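Student: The primary structure of each chain is shown beneath.
Protein chains: 2
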Amino acid sequence: MTSNGRFDLMDGVGPRPEGGVYLDNNATTQVAPEVVDAMMPYLTEFYGNPSSMHHFGAEAGRGLSDAREQVATFLGAKAASEVIFTAGGSESDNLGIVGTLRAYPDKKHVVTSAVEHPAVLGLGKDLEKRHGYEVDFIGVDADGRLDLDELRAKVREDTAVVSIMMANNETGVVFDTAAIGEIVKAKGSVFHVDAVQAAGKLPLDVQQLETVDMLSISGHKLHGPKGIGALYVRKGTRLRPLIVGGHQERGRRAGTENVASCVALGAACKLAESHRGEETTRVSALRDRLEEKILPAVPDCRRNGAAEPRLPNTSNISFDYIEGEGVLLLLDRAGIAASSGSACTSGSLEPSHVLKAMGVPFISAHGSIRFSLSRYNTEAEIDYVAAVVPRIVQRLREITPFNREKATF
Amino acid sequence: MTSNGRFDLMDGVGPRPEGGVYLDNNATTQVAPEVVDAMMPYLTEFYGNPSSMHHFGAEAGRGLSDAREQVATFLGAKAASEVIFTAGGSESDNLGIVGTLRAYPDKKHVVTSAVEHPAVLGLGKDLEKRHGYEVDFIGVDADGRLDLDELRAKVREDTAVVSIMMANNETGVVFDTAAIGEIVKAKGSVFHVDAVQAAGKLPLDVQQLETVDMLSISGHKLHGPKGIGALYVRKGTRLRPLIVGGHQERGRRAGTENVASCVALGAACKLAESHRGEETTRVSALRDRLEEKILPAVPDCRRNGAAEPRLPNTSNISFDYIEGEGVLLLLDRAGIAASSGSACTSGSLEPSHVLKAMGVPFISAHGSIRFSLSRYNTEAEIDYVAAVVPRIVQRLREITPFNREKATF
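Same order as they appear, the protein sequences are chains R and H.
Start counting the first sequence at 1; every next residue gets the next number (our numbering).
Start counting the second sequence at 1; every next residue gets the next number (our numbering).
Only chain R is shown next, with the shape it has when bound in the complex (with noise of 0.2 Å):
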């Protein structure tokens, strides 16, 4: 790549928008600028303790009970007491899943899928590894859509915790939760449900999903800050904390709450439902202009994933014989911010295990890449997006040590 290919890249591609084009909000999101707000009095004046008998642990306590009511609000759940607040989605992932192994010692088998992302998949193969746990793995087919008979197949009546995610960050790819559901209860298996991915992009109602008896979000992935999430856990569930100590949180997670971010998700869980008709109109309209402009111009590429049910914000698209690190460095360079296989896999070479399982061949995993759009992204910036990225996939085809024609690898 040399400062040439820069210029002949842009040439004639129109304005570049300004600040950048982020298309990588699976990975993390920009906080709403209401979230700020909603979270900066519990960063200055509100700072008590909320364990605090005094009136700043008061006010504390006060707004860290309303965010509690929005999540929960947010989710469907009948009582703020069903959240729990946690740092983050692989905690919230990890605290269902360990916290159900503690609450039953003696079942020692647990089912996911795998596509699932790092925090489920890298704990189930640790629980097999080092914990003495049986561990399943669904696969899933070419489009990327759960196996179901194979599931049905593998839950038993010991299997402690079947967790499935609503919705695949990768491939956007939306799970049936519901027929899940039916399988692991039929079992009288915990089910746990990361939806992570899906929050604030799909409907979500825990009431409605009467299968689901834990669920993980996260703060930082529907425009709230990093550092937040929770796990709903259905009254009635059986659950021992990850992180033990105090009492807070109900004695489910222990350490003093992080109030002015739990404010911030209860606010950025409002904030999404009253944008969630966006996102499945005017998000899905343009990362569907965006598809359509860019398979037709590209020789050798393809969407991975069924179309539909799909994330109204994600596609995922491979273009053959180049890699997808080369993509992001030029896409990169023009501003755009994109993703190969999920950041937090990325930095390996290896790739995707999404991709892997769907039996996306190696030449086509290699160069996927990932868009994933917000209700910041507008018309403007996906035509941009949609002129760059032939040019890019073009040069880098020209220079690629794999002539396609004669690739065999």
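Please note that the accuracy of each hint is not assured.
Copies of one chain are not kept apart here, so a pair can be met inside one copy or by any two copies together.
[Claimed, not checked] Listed below are the simulated DSSO-like cross-link pairs for lysine-lysine, each with C-alpha atoms no more than 30 Å apart in a straight line: (1) LYS293 / LYS185; (2) LYS107 / LYS235; (3) LYS125 / LYS185.
Quick caveat, the hints were computed from the structure, so don't treat them as lab data.
Quick caveat: nothing in here was measured; it's all calculated off a predicted structure.
Got chain R sorted already, so can you dock chain H onto it with the hints?
Tutor: What follows is chain H alone, placed relative to chain R:
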């Protein structure tokens, strides 16, 4: 307590400081304005995921990396890679202890003290009750000093980890971490130190404290935000993660890094170091002034714990024959925030486990109040508190059901 009580109490006390007097800094501290300023850009423009391969990610990554350097410098760590960011003191303590136990699965013995913060004490009890560990809780003398002979007798070849705090959160009594470390290392155990209350108040230098393998700090105890902490792990120390999944924190703590709060912790550490001189001079003098005014003015009251070595900001005073909760309520009416025992155990009617371990009689322990100062307190505030406290104690004694002349409990 009637409204009459209120007027009597404040009669002739002098002007009430605007905004109240916050003397509960061992529960949580006001976030320093400089810290809020430092974190704000990471809550607004620099919102990338540090794992992402684009400039949004790189900006976040730089903030995270600089913050880690600042925390490492504050602790005297040799390398920034020895710092693991966590969601707070409780998680740091849990990670240090549980992470060590997971790294040494064959060692089933743990040593800690009877006066630890709930994050360590509660975990120790849980390990004993539910996880098959043998746990020894080392006692303290009447002045709150650790029994080093008992420690020496209890640490064994199969002791996986010894966790002893650097300074007690309720009394402020400082332990001899160097002497403890020598005892621990003579048996080859891992030494974890909960320095949550010490950080910012005492010099911290893990190069000098060469027997310390791991050390916990918490942001919100040193004028940083809640929900962020760190665990120092000396290079070469084996540790397994508590939150399992992603690659973050070199595989020792999964989950997208809370960049804004990491930056805040770095800034708080830097600021704390620059203010530490003031802690040991001005703040300490204010604390002594408070004691010198209250102790002679109130009959049947005494300081709990050794006068020295003690955290410069902490005073724990017992007022016999009355309930601490009553004192706190009247203090709060006067705009003064203090604590009875630790905030993490408040809400319970049990007397403080720390005072109990020191052998403080029930009648004194129940009426104990912790005053914990910060660099934001002024002499005028201290004089106001010193004028109010004797009146409150007198009032409560007048109406107490326990006439102290006849008290037999």
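Student: Which of the listed hints are not met by the structure?
Tutor: Violated hint (a single one): 1; every other hint is consistent with the structure.
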